[in-house]
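Engineer: Below, each chain spelled out in residue letters.
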Amino acid sequence: MNTLITILFVVFAAFILASAIMTVTVKNIVHAALWLISSFFGVGALYLLMEAEFLGVAQVLIYVGAVSILILFAIMLTRDLEGSQNRQLTPRWWIALIVPAALFGLLIVPTVMTYAWQLPPPPAGQSPAISGAQQIGTAFMREYLLPFEVAAILLLVAMIGAIVIAFEERERRRRVLTLAEQVRLRRQQRQPAPLPEPAATAIQASEATGGES
Amino acid sequence: MTDILRSWIGGALPDWVIVLIAYLLVTTIVLFYAVGNFIMMVWAERRVVARMQDRLGPNRVGPAGLLQPIADAVKMFTKEDIVPRSADQWVHLLAPIVSLAPVAMMLAVIPWGRGWEPIDLNVALLYIVAVSAVSGVGLMMAGWGSNNKFALLGAMRAVAQLVSYEIPAVTALLTVVILAGGMSLLELPYMQAGVPLMGATILCGDAAGCSPSLYTTVTSFPGSPGEPVQALDLGLGWWVFTPVGLLGFIVFFIAALAEGERTPFDIPEADSEIVAGYMTEYSGMKFATFYIAQYILNFALSALAATAFLGGWQGPGVAALANMGGPWVHVAAALSAFYLLAKIWVLFFVMIWLRGAFPRLRVDQLMDFAWKLLLPLALVNIVSASLMVGLTQWTSAQWGGLLSLDGFAPWQRQLIAILVTAIINIAAAYWILSINQRPTQEEWIEEELVVAS
Chain A
1 MNTLITILFV VFAAFILASA IMTVTVKNIV HAALWLISSF FGVGALYLLM EAEFLGVAQV
61 LIYVGAVSIL ILFAIMLTRD LEGSQNRQLT PRWWIALIVP AALFGLLIVP TVMTYAWQLP
121 PPPAGQSPAI SGAQQIGTAF MREYLLPFEV AAILLLVAMI GAIVIAFEER ERRRRVLTLA
181 EQVRLRRQQR QPAPLPEPAA TAIQASEATG GES
Chain B
1001 MTDILRSWIG GALPDWVIVL IAYLLVTTIV LFYAVGNFIM MVWAERRVVA RMQDRLGPNR
1061 VGPAGLLQPI ADAVKMFTKE DIVPRSADQW VHLLAPIVSL APVAMMLAVI PWGRGWEPID
1121 LNVALLYIVA VSAVSGVGLM MAGWGSNNKF ALLGAMRAVA QLVSYEIPAV TALLTVVILA
1181 GGMSLLELPY MQAGVPLMGA TILCGDAAGC SPSLYTTVTS FPGSPGEPVQ ALDLGLGWWV
1241 FTPVGLLGFI VFFIAALAEG ERTPFDIPEA DSEIVAGYMT EYSGMKFATF YIAQYILNFA
1301 LSALAATAFL GGWQGPGVAA LANMGGPWVH VAAALSAFYL LAKIWVLFFV MIWLRGAFPR
1361 LRVDQLMDFA WKLLLPLALV NIVSASLMVG LTQWTSAQWG GLLSLDGFAP WQRQLIAILV
1421 TAIINIAAAY WILSINQRPT QEEWIEEELV VAS
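Each protein sequence line maps, in turn, to chains A and B.
When we follow our numbering, the leftmost residue of the first sequence carries the number 1, and every step to the right adds one.
When we follow our numbering, the leftmost residue of the second sequence carries the number 1001, and every step to the right adds one.
Hints are supplied without guarantee of correctness; some may be wrong.
Just some of the chain A residues that point at chain B, by a computed CB distance under 8 Å [claimed, not checked]:
1. VAL57
2. MET76
3. LEU146
Okay, the calculated beta carbon distance ranges per label pair [claimed, not checked]:
4. A:LEU145 with B:GLY1284: 52 to 58 Å
5. A:LEU107 with B:MET1040: 53 to 59 Å
6. A:MET50 with B:TYR1033: 54 to 60 Å
7. B:LEU1387 with A:VAL112: 50 to 56 Å
8. B:VAL1083 with A:ARG187: 26 to 32 Å
No wet-lab data here; the hints were simulated from the structure.
In this text the structure is predicted, and so the values were computed from the model without any measurement.
Positions of the beta carbon are idealized from the N, C-alpha and C atoms, including for glycine.
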């Protein structure tokens, strides 16, 4: 069983890495987003392999179901971004290489140096505690109450900000009228016509004929 | 399945191969079950809608047109597969697969009968929500990969609808999580044993006098925790009969209609506006794959609604047969599977009925409906569900001394909880509906001025 898990781990890890490399090297930005999704899926599979079912499902729900859909939406609403003329490397690409590499090294080197790799196997006959909804709920409401509340406030602020932005935009925008409303509006415009200025009459007349033709 | 295979060929193969074969067999059975139902659903939809519109519907191929789906399948298989020259070949090819696969994965955790569940996942409800969200990626791929403005518009509409209706659906499912105290779908039908409205709260007076055909042993909801009790069980303690379950069911079913793109919400493929939405550039088997994905999604969502609120496979006689033991357990399983299938078909019939009865919504009506009506109702329902659990199960220590219901019998507590939640839910529903029906006069005048000036 252990070798099987190792094989599965290697397969998933290779899949994640390959997807991630494709994400950053592929020219088409929509393809990059799709490769990113497959990488997210691989991470979810790794969580499932570790029997962290809740985490694996939450990974799929949040990253694949929400984040990547948002990314795809953003890309598709800004169509100018895509195209093969995009440069992949800026002139100062080496700075962009050094900084993340140094940060990653700062994390990985102490971990590799100090971590006890040979974990003791779990005691036989005792099933490991599988994190269910109730344990997670209890943990959120007891031990991790403060981080939970802080995250909640952060998300709330972001949500209110999004609503405020959307409302400002909406004030400037006219609602799209249905056909019945357009007809009624046109009739209203045609009815009064109390001797307007010549220019305005011309515009209105052209609008009226444009509507009828 | 695994155990049966182990007993047959236990020594010959390594254990993991047996597990693999067992799950492959289960997967095949479940997929055939779903696809068989899909075929019948297409036929039923065409016939029933035709009946509602005073037509005949397909009636040439086979008796009453029953073989029409087979003729359609042959047509689909032999049709030319057209890919637009400007389309993105790979994305265009993968999109139907990406939209069908998550839908098929949803079927894995639904208990199809008593003891007939493919996988016992302890986060099954969350899993279904997560997996159904993935199909949005497939729709996006279809819309973008086709390189067609109608397809892209349809995909945008589809995903916007999917994302916004997921929220009321998940909030409605949260009431189930609260009532059940967990996210496993496996336990839900067992918890919905008993009699309508009261659930499994009418307990047996003396253990000797209770006939096993009427009483079953219940451990969790809503008797005393952990202690098994004998409760009157007609298999009808469905949550839809309680105020919390009824409101949750209505909200979830409407949201499921929108997620499955059924007719009042079929904006993404509104054929009179944007050809066929994201499916515009698909033909032959790829189109059929989208079609299958949509119907199996409806099937799975009906199964989920039935399991979460209508008792799943629970029905009169299942527990009594199972209590008889021996081979009768298998009869009970078959009967329970029949009950679930019957509930799914009733729900699907309601879907067809709505299609025959309602016109398509506009996009702004769609969003208003989700955010101003369904979501507040579902949020109120969460409060009601928490009160329901508190009133039926908590001891006075858990209430912190605020309220002591320890002296009451389970059925009395259930009655109190039902009264309280009914008052809350009816008041909230009345209030929210009356707010939504108030006309917005001022906005009208302002807009007309803007356009007129």
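Engineer: So, for every hint listed, does it hold in this structure?
Structural biologist: Outcome of the hint check:
Hint status for A:VAL57: holds, given a least beta-carbon distance of 5 Å to chain B, under 8 Å. Proximity of A:MET76 to chain B holds as hinted, the smallest CB-CB distance being about 6 Å (cut-off 8 Å). For the restraint placing A:LEU146 at the interface with chain B, the shortest Cβ-Cβ distance is roughly 22 Å, beyond the 8 Å limit, so the hint is violated. As the Cβ distance of A:LEU145 to B:GLY1284 is approximately 56 Å, the hint placing it in 52 to 58 Å holds.
Between A:LEU107 and B:MET1040 the C-beta distance comes to about 56 Å, which sits within the given range of 53 to 59 Å. Between A:MET50 and B:TYR1033 the Cβ separation comes to about 31 Å, which falls outside the hinted range of 54 to 60 Å. Against the hinted window of 50 to 56 Å, the Cβ-Cβ separation of B:LEU1387 and A:VAL112 comes to about 52 Å, which satisfies the hint. Between B:VAL1083 and A:ARG187, the C-beta spacing of about 48 Å breaks the proposed range 26 to 32 Å.
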